[in-house]
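A.B. asks: Sequence:
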Amino acid sequence: MSGGDIAGLIAAGVFAVLVALLAIPVWKLGKVFDELRGAIRSISDGTTPLIEEVTTTVTTTNEQLRKVDGIAANVSDTTANVSALSSLLASTLGSPLIKIAAFSYGVRSAFTSGAKGTPEGKRRRSR
1 MSGGDIAGLI
11 AAGVFAVLVA
21 LLAIPVWKLG
31 KVFDELRGAI
41 RSISDGTTPL
51 IEEVTTTVTT
61 TNEQLRKVDG
71 IAANVSDTTA
81 NVSALSSLLA
91 STLGSPLIKI
101 AAFSYGVRSA
111 FTSGAKGTPE
121 GKRRRSR
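Using UniProt numbering, the first residue of the sequence shown is number 1, and each one after it goes up by one.
These are calculated hints, taken from the structure and not from any lab test.
Wrong hints could be hidden among the right ones.
Derived SDA-like pairs (lysine to any residue); straight-line CA-CA distance at most 20 Å [to be verified]:
#, residue 1, residue 2
1, 28, 13
2, 28, 40
3, 67, 55
4, 99, 88
5, 31, 19
6, 67, 57
7, 67, 52
Required output: the full structure, derived from the provided sequences and hints.
C.D. replies: Given below as C-alpha cells:
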C-alpha cells in the first residue's frame, strides 16, 4: 500500500464518519417534519367546523340585516307620512286658530278697557 492508498482510505473513513454524523440531524429533522404535518392536520381538523359555523352565522346575520333594512325603510316611509300629515294639519288648522286667537284677544281687550274706563292715552281732547 502506498501513501496515496492510505490517504484515500483515511478520506473514505472521514467521509463515512461525516455521513454518519450528518444522518442523525437529518433523521431528527424528518421527525420534526412529521410532527409538524400532524400539528397542521389537527389545526385544519379543528378550524374546518369553526369556518362552517362562521359561514352559517354570517348567512343568518345577512338575512336578519335584510329584514332590518326593510323595517328601516318602512319606518322612513311612516316618518315621511307623519311629517306630511302634521304639515297638512298645521296649514288646515293654523290659520283659523290664529284668527280665533286674534279675535279673542280683541274681545278680551274690549272688555278690559270697558270695565276700567277709557285709558288715559286714548282719551280725546276737547277743543
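A.B. asks: Taking the hints in turn, state whether each one holds.
C.D. replies: Consistency of the hints with the structure:
1. Between the alpha carbons of residue 28 and residue 13 the distance comes to roughly 23 Å, so the proposed pair goes past 20 Å and is violated.
2. Under the criterion of a C-alpha separation no larger than 20 Å, the hint pairing residue 28 with residue 40 is consistent with the structure, at around 18 Å.
3. With a C-alpha separation of about 19 Å, the suggested pairing of residue 67 with residue 55 holds against the 20 Å cut-off.
4. This hinted pair checks out: residue 99 and residue 88 have alpha carbons roughly 18 Å apart, not beyond 20 Å.
5. Annotation: proposed proximity of residue 31 to residue 19 holds, straight-line Cα distance about 18 Å (limit 20 Å).
6. Of the supplied pair hints, the one linking residue 67 and residue 57 holds, its CA atoms being roughly 15 Å apart against a limit of 20 Å.
7. Simply put, residue 67 and residue 52 have alpha-carbon atoms about 23 Å apart, too far for the 20 Å limit, and the pair is violated.
Hint compliance for this structure: hints 1 and 7 are not met, and every other hint is.
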